[in-house]
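> Residue numbers (the numbering used here), protein chains in the order written: chain A, 1 to 307; chain B, 1 to 230.
If you are wondering where the hints come from, they were derived from the structure by calculation, not from laboratory data. Since we're looking at a predicted model, the values are computed, not measured. Among the hints, erroneous ones may be present.
Pairwise CB distance ranges (calculated) [what the hints assert, rightly or not]: (1) A:N196 to B:A76: 29 to 35 Å; (2) B:G217 to A:S4: 48 to 54 Å; (3) A:L203 to B:A76: 22 to 28 Å.
For each residue, glycine too, the CB sits at the ideal point set by N, CA and C.
Here is what each chain is made of, one letter per residue.
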Amino acid sequence: MTLSTLATRHTQALLGALGRLARAPLATVLTLLVIGLALALPAALGLLVRNAESATGGFGRAVDMSVYLKSGVSLARADELAVNARAVPGVAAVKVISAAEGLQQFRQYSGFGAALDALPSNPLPNVLRIVPRPRSSGITALEGLRRTFARWPEVGMVQLDAQWVLRFDAILALARRLVSIAAVLFGAGVLAVIGNTIRLEILNRRDEIEVTKLVGGSNAFVRRPFLYTGMLYGFGGALLAWAVLEGAVLGLQAPVAHLASLYGSGFALTGLAGRELAALFCGSMALGWLGAWLSAHRHLRDIEPRA
Amino acid sequence: MIQFERVSKRYPNGREALTNVSFFVDRGELVFITGRSGAGKSTLLKLIAMLERPTRGTVTVNGRSTGVLKVRHIPAFRRHIGVVFQDHKLLADRPVFDNVALPLVVAGAPLKEIDKRVRAALDQVGLLGKERLAPMELSVGEQQRVGIARAIVGKPPLIVADEPTGNLDPDLALEVMRLFKRFSEVGVTVLVATHDLHLAREFGSRELTLASGQLTGGAADPLPSLVASR
Ligand SMILES: Nc1ncnc2c1ncn2[C@@H]1O[C@H](COP(=O)(O)OP(=O)(O)OP(=O)(O)O)[C@@H](O)[C@H]1O
Ligand SMILES: [Mg+2]
Numbered sequence: 001m002t003l004s005t006l007a008t009r010h011t012q013a014l015l016g017a018l019g020r021l022a023r024a025p026l027a028t029v030l031t032l033l034v035i036g037l038a039l040a041l042p043a044a045l046g047l048l049v050r051n052a053e054s055a056t057g058g059f060g061r062a063v064d065m066s067v068y069l070k071s072g073v074s075l076a077r078a079d080e081l082a083v084n085a086r087a088v089p090g091v092a093a094v095k096v097i098s099a100a101e102g103l104q105q106f107r108q109y110s111g112f113g114a115a116l117d118a119l120p121s122n123p124l125p126n127v128l129r130i131v132p133r134p135r136s137s138g139i140t141a142l143e144g145l146r147r148t149f150a151r152w153p154e155v156g157m158v159q160l161d162a163q164w165v166l167r168f169d170a171i172l173a174l175a176r177r178l179v180s181i182a183a184v185l186f187g188a189g190v191l192a193v194i195g196n197t198i199r200l201e202i203l204n205r206r207d208e209i210e211v212t213k214l215v216g217g218s219n220a221f222v223r224r225p226f227l228y229t230g231m232l233y234g235f236g237g238a239l240l241a242w243a244v245l246e247g248a249v250l251g252l253q254a255p256v257a258h259l260a261s262l263y264g265s266g267f268a269l270t271g272l273a274g275r276e277l278a279a280l281f282c283g284s285m286a287l288g289w290l291g292a293w294l295s296a297h298r299h300l301r302d303i304e305p306r307a
Numbered sequence: 001m002i003q004f005e006r007v008s009k010r011y012p013n014g015r016e017a018l019t020n021v022s023f024f025v026d027r028g029e030l031v032f033i034t035g036r037s038g039a040g041k042s043t044l045l046k047l048i049a050m051l052e053r054p055t056r057g058t059v060t061v062n063g064r065s066t067g068v069l070k071v072r073h074i075p076a077f078r079r080h081i082g083v084v085f086q087d088h089k090l091l092a093d094r095p096v097f098d099n100v101a102l103p104l105v106v107a108g109a110p111l112k113e114i115d116k117r118v119r120a121a122l123d124q125v126g127l128l129g130k131e132r133l134a135p136m137e138l139s140v141g142e143q144q145r146v147g148i149a150r151a152i153v154g155k156p157p158l159i160v161a162d163e164p165t166g167n168l169d170p171d172l173a174l175e176v177m178r179l180f181k182r183f184s185e186v187g188v189t190v191l192v193a194t195h196d197l198h199l200a201r202e203f204g205s206r207e208l209t210l211a212s213g214q215l216t217g218g219a220a221d222p223l224p225s226l227v228a229s230r
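Full structure from sequences and hints, please.
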């Protein structure tokens, strides 16, 4: 058999599979929905973890340090201190948040506006917001930085919630594990759904398979359209899962951006991209192919011509 | 081409359909298999086409013993045999063209050739122009001829036909038999199971007669009919 007839055969099998799926649109859509949602769930979890990781910038952002200056320290002095702070090794950036700005932010987000107006003067100190270099965001390096600033005479207090960083790290590790488990479980579900769908299809087309075998169709020949059907289910399911996730990301983007801005972050929620997308489609199509293969292997053997 | 050596076939239900059958059919022979209903004609053909395996004895087709043929070699084996089934075995949801084309598609023939050969085969059974009809839209006799077209389309070296003329009027039946005869004249071996003794005898071909699973005539025939018919 030449290469071109082989290509023709595969094209025929693919088109045949597509045609059959299109001829039963309702059943096809329902199956795709099940597969798509089963894929979307672990993918969404993965997306969540990945976004959480990048939101915290591997902790470079999450562990911003707030250096509260003593209440007597003027804004001009605070600016000088900021210059000094930038020179400290391990510091990536320093931002001065004046007492007035602090009050403004507090008023905006706390809802205590009226109460604040009643105060005779601004009770808040000037603050240096320190962003550590990513290299120095390990827990010991951060602790070192904290002690450095705490020794400065103008500094009243340095706030660094290291415990929180560790906990968050642990939560992310747990979430990553959850993603893996969900991926395996739902992947097995997709495999079962596709395998069962193919099984029904094989039973439906029993006569056709039997006759094809009677005229000399090999198992590979008979199996081929089913493998394509499985792969198409995988592809369609992945497409649907992708659409679902894109929709979810689109719906969440604005509130997430708002939340991030409250933390002084420019973080934006992102959907599946590049390698993740390729993994979703390849994984799903591979599952479809495998499910179909297992099912075909199991059930085509039973259909031997009796004639 | 075909050799049966002391072949018996017992179905799983215990029914012995063939008992100790031995015969030889040479390349290019046209042989009729006759016998009453239930005599074992279909069983004999099924053993040749590898739709059943012998319980005892050996069936050799084209130099290959079917008893020991590996399952994965069966498809290729079947592609060298054109089978006309007693119950047609057509795909009800496919047009005539697709039904006849199936053996060629399965064998991986190029599309152009499929088109040409399917038309030629349909022409030979007088069904040209009905390519797009579904089997259900045909008369039973026409369906039978679709089955014949499918058996001959791949130009197999061996044709096995089970009651190919059962539903045809005498003229059409004669025409189909003539078609088989022409095939045998170009070297194709043809086995036809039939009730129609008159038709079989009209061709003066060799006749294997079965009675209750046993061969009662034609086995020892040293091919005189073949010589005579040429
Ligand atoms: N699949 C089967 N399982 C069990 N018994 C069978 C099977 N097929 C045929 N038989 C039995 O084997 C015997 C021979 O059957 P076969 O079909 O070969 O007869 P036949 O000569 O082709 O008859 P007909 O002219 O009616 O087609 C019959 O008695 C039948 O009951
Ligand atoms: Mg019969």
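> Evaluate each hint against the coordinates.
Going down the list of hints, with the structure as the test:
| no. | hint | verdict |
| --- | --- | --- |
| 1 | A:N196 to B:A76: 29 to 35 Å | 32 Å, holds |
| 2 | B:G217 to A:S4: 48 to 54 Å | 51 Å, holds |
| 3 | A:L203 to B:A76: 22 to 28 Å | 27 Å, holds |
Every hint, counting from the list given before, is met by this structure.
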